[in-house]
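One-letter residues, chain by chain:
2 protein chains.
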Amino acid sequence: MQDNLLLFSNSHTHGMRMFEHARAALSEFLADHHTVYFAPYAGSDYDGYTNTIKTALEPFGVTVIGLHTVSNLQQTLQDAEVLFVGGGNSFRLLKTLEQLEMLAPVRARVTSGELRYMGSSAGTNMSCPTMRTTNDMPIVQPESFNAFNLIPFQINPHYQDPLSNSTHMGETREDRIREFLEENDVPVLGLREGSWLRKRGSQLHLDGLADARLFRRGTEPQEYKPGTDLSWLLTEKATFDQKA
Amino acid sequence: MQDNLLLFSNSHTHGMRMFEHARAALSEFLADHHTVYFAPYAGSDYDGYTNTIKTALEPFGVTVIGLHTVSNLQQTLQDAEVLFVGGGNSFRLLKTLEQLEMLAPVRARVTSGELRYMGSSAGTNMSCPTMRTTNDMPIVQPESFNAFNLIPFQINPHYQDPLSNSTHMGETREDRIREFLEENDVPVLGLREGSWLRKRGSQLHLDGLADARLFRRGTEPQEYKPGTDLSWLLTEKATFDQKA
Numbered sequence: 004m005q006d007n008l009l010l011f012s013n014s015h016t017h018g019m020r021m022f023e024h025a026r027a028a029l030s031e032f033l034a035d036h037h038t039v040y041f042a043p044y045a046g047s048d049y050d051g052y053t054n055t056i057k058t059a060l061e062p063f064g065v066t067v068i069g070l071h072t073v074s075n076l077q078q079t080l081q082d083a084e085v086l087f088v089g090g091g092n093s094f095r096l097l098k099t100l101e102q103l104e105m106l107a108p109v110r111a112r113v114t115s116g117e118l119r120y121m122g123s124s125a126g127t128n129m130s131c132p133t134m135r136t137t138n139d140m141p142i143v144q145p146e147s148f149n150a151f152n153l154i155p156f157q158i159n160p161h162y163q164d165p166l167s168n169s170t171h172m173g174e175t176r177e178d179r180i181r182e183f184l185e186e187n188d189v190p191v192l193g194l195r196e197g198s199w200l201r202k203r204g205s206q207l208h209l210d211g212l213a214d215a216r217l218f219r220r221g222t223e224p225q226e227y228k229p230g231t232d233l234s235w236l237l238t239e240k241a242t243f244d245q246k247a
Numbered sequence: 004m005q006d007n008l009l010l011f012s013n014s015h016t017h018g019m020r021m022f023e024h025a026r027a028a029l030s031e032f033l034a035d036h037h038t039v040y041f042a043p044y045a046g047s048d049y050d051g052y053t054n055t056i057k058t059a060l061e062p063f064g065v066t067v068i069g070l071h072t073v074s075n076l077q078q079t080l081q082d083a084e085v086l087f088v089g090g091g092n093s094f095r096l097l098k099t100l101e102q103l104e105m106l107a108p109v110r111a112r113v114t115s116g117e118l119r120y121m122g123s124s125a126g127t128n129m130s131c132p133t134m135r136t137t138n139d140m141p142i143v144q145p146e147s148f149n150a151f152n153l154i155p156f157q158i159n160p161h162y163q164d165p166l167s168n169s170t171h172m173g174e175t176r177e178d179r180i181r182e183f184l185e186e187n188d189v190p191v192l193g194l195r196e197g198s199w200l201r202k203r204g205s206q207l208h209l210d211g212l213a214d215a216r217l218f219r220r221g222t223e224p225q226e227y228k229p230g231t232d233l234s235w236l237l238t239e240k241a242t243f244d245q246k247a
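Going down the list, the sequences are from chains R and P. Remember, the working numbering sits 3 above the position in the first sequence when you count from 1. Remember, the working numbering sits 3 above the position in the second sequence when you count from 1.
Since the hints were made in silico from the structure, they are not lab data. Bear in mind that the values here come from a model prediction, so they are computed numbers and not experimental data. Where is the CB? At the ideal position from N, CA and C, for every residue including glycine. Among the hints, erroneous ones may be present.
Stated by the list, open to error - Which residues of chain P face chain R? A few of them, derived with a C-beta cut under 7 Å, are:
id : residue
1  : His15
2  : His17
3  : Met21
4  : Arg135
5  : Phe148
6  : Asn168
7  : Thr170
8  : Thr175
9  : Arg179
10 : Phe183
11 : Glu186
12 : Glu196
13 : Ala213
Okay, chain R solo, but in the shape it has when bound:
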């Protein structure tokens, strides 16, 4: 079986209801599955967050169950067919995934094709080898920055272009990603709001409402349009902790 990933930059696009920008992609991804297990750990109010996701996803004909409510988490992870990891704070999310010992079992079942993985924002960041390209504040400390490692490159969700005429002297998003590339030889895909990646086995496509910007060490950033086949990114070399 091939693995199936759907990785959103964000769930809410300006002026639209949650996932309204991605209805067709969601229907295709959910296919004939009827239950979505939701990991609310990037948020602080698990019940409230799960209810929001129910409202957004149940019109697609699925039942949404918060993973925090199941009695046997490890057994549920072995039986589940669709997992959605929601956004919020990536550090809080990863620390909780570590404490719940979710990383290895989820990775095994996603890569073997038994469990579909859908992520948004922090949940998309978790699909990468590490959380090193998150935008979030390190409010708590996970043991390691290593994440689900479902793809061999890094994504920066909510990618933002520099604001013209800004007087702010802090780093732009591009500055930050360039700093990442000084320390790591790993491609980073800046996924603008409204866009997503869809992976089916060895096939990877960009889709959605916005172009994406790819950063690699030693080359100028490149822009890709929705619909672009990015499968070649799945075979790119990635080396962490190697200074430029």
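Given the structure of chain R, go ahead and fit chain P onto it with the hints provided.
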């Protein structure tokens, strides 16, 4: 002897040369000291960064020496009278401070009043108990988020107000600090660009070109004007890893 800290939100303020916004504060802080040891570890080009700081600080009548150029770092840390920790990436900075075993000796000499500490941006973040309120991307992984712990609260440098009319759906700076307060019961001072804190023993003052915004769990954020005595912040309770 009392300790002496000068903690800048940033070194470059829009439209000004480095530290031009803070000439009087710098002169007062440097007093009759003639050598500033500079820690360039938040950057990637240590020599280039040190030269930039030389150009900015030597008009104040001091010699600037990059700590990366000294032959015996631990001895230098015992003899130095002024340390400046510069900005850049906070994760890279803290990982390097750990590897160089700088945290404990610097803290001991600063708190005893023998070593003056000046920080900017990431260097200001390092003066806090932890780096948990940085804006930076976690491009490398330090062993711990614990920092110099020279003050008992957290600072968010380059504090930015929400942009009006923004269509971006990512978290605002205030959202991120609220997430921090969900996990930690520790005050966070949002230090806007152009402002700084000056600590002399038990006295702490805000100064510079902008108001600062203080966030505490369970209360609305409060604004403070340059010149405000914030010494009471030095005796506030701070508890990390305690959910709201």
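Hint by hint, here is what the structure shows:
Restraint check, His15 (chain P) versus chain R: the minimum CB separation of about 5 Å is within 7 Å; hint holds. Because the closest C-beta pair between His17 (chain P) and chain R is about 4 Å apart, less than 7 Å, the hint holds. Checking Met21 (chain P) against chain R by beta carbon gives a least distance of about 10 Å; that is not within 7 Å, so the hint is violated. The beta carbon of Arg135 (chain P) is positioned within 7 Å of a beta carbon in chain R (closest approach about 5 Å), and the interface hint is therefore held.
For Phe148 (chain P), the shortest C-beta to C-beta distance to chain R is roughly 5 Å, which falls under 7 Å, so the interface hint holds. The closest approach between the C-beta of Asn168 (chain P) and any C-beta of chain R is roughly 11 Å, which is over the 7 Å cut-off, so the hint fails. For Thr170 (chain P), the interface hint holds, since its Cβ comes within 7 Å of a Cβ in chain R; the closest pair sits about 4 Å apart. Hint status for Thr175 (chain P) relative to chain R: violated, with the closest Cβ pair at about 11 Å, above 7 Å.
Interface hint at Arg179 (chain P): satisfied, since its Cβ lies 4 Å from the closest Cβ of chain R, which is below the 7 Å cut-off. With its C-beta approaching chain R no nearer than about 4 Å, Phe183 (chain P) sits inside the 7 Å limit, and its interface hint holds. Satisfaction of the interface hint for Glu186 (chain P) is found here, the shortest Cβ-Cβ separation to chain R being roughly 5 Å, below the 7 Å cut-off. A distance limit of 7 Å between C-beta atoms decides the matter here; for Glu196 (chain P) the minimum to chain R is near 6 Å, and the interface restraint holds.
About 12 Å separates the beta-carbon of Ala213 (chain P) from the nearest beta-carbon of chain R, more than 7 Å, and the hint is not met.
Hint check: violations occur at hints 3, 6, 8, 13; the rest are consistent with the structure.
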